[in-house]
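Everything in the sequence shown is counted per the working numbering, starting at -16 for the first residue and increasing by one.
Do not rely on the hints blindly, as some may be mistaken.
What the hints assert, rightly or not - Here are the computed distance ranges between Cβ atoms for each label pair:
id, residue 1, residue 2, range
1, G109, P229, 38 to 44 Å
2, P229, A122, 36 to 42 Å
3, D58, Q81, 46 to 52 Å
4, R48, A79, 29 to 35 Å
5, G150, Q183, 18 to 24 Å
6, M134, N182, 36 to 42 Å
7, T142, P229, 34 to 40 Å
8, A68, D148, 20 to 26 Å
9, R70, G177, 21 to 27 Å
10, L169, N146, 14 to 20 Å
Just so you know, the hints here were simulated from the structure itself, not pulled from any lab data.
We put the beta carbon where it would ideally sit given N, CA and C, even for glycine.
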Amino acid sequence: MAIALAAAVLSLLSVASDVSAQVRGNAQAEQSRTLRNRPSEPALPPVGRYAADSGEGFILDRSGRHPLLRFDRRDETWVLRPSAAPRGDVIYRNDAGQQVLRVTPSGGMTVYTPRSPGGSPASYAGPGESLSPPRLGPAQMLNLMLRRSAMVSQAVGRTVEINADTGVESESLTVEALILSTDVVLRIARSPNGRAALNQLRRIVIVEGSRASVTYNRGELHIVVAPSQGAAGRPSSARVIRAFLPPAR
């Protein structure tokens, strides 16, 4: 009788254990289904167009080696460098160290511009075109150099030569460096306070090297493009401006 009672107790304990295991299994399965069905934070697309509350629009292209950004009605494509920030945010800066963009882990975005230096919230507005660099043939490249030389010469009131000694791999970087550097000269020439910085300008020279750089010395603006650095292999307009107008110490 005692043996039968003990067997019955063991049987009940076994059933209870099986039921408990099944309940735990059902709970775990339900939790997994909940996690799978929970709506995730919207992922930012590799290439997209964004609109800021300040009224400015831009394209952000994160499909390549370096994030690229171009504002509406602007020719320059900014190469951004990400760095970690508090709360898991990511700050994107240009090659002059200026903050351009801040993105939160949930996809919230703030853009910093001269119009809104304190930052303006931005949101996804739709698909955008890739910001891959332009490519020109030799004839178009020569034509671009002649046109840009004429524009700069007229702006400063004297002949300014433009020379480019780069290879095929650097063609797109050379085009961008040529356009943005001459645009900087034109902007400075229109500024009463900055025009004096161009008094000695005689030449703009673009060469190939291992690291992008820009210097201005003895009337020559010397730009180095580096194809090994990808889209980051040419200086931005901000660095060209600093070559002509170093920040006051």
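Which hints from the list above does the structure break, by number from lowest to highest?
3, 4, 5, 6, 7, 8, 9
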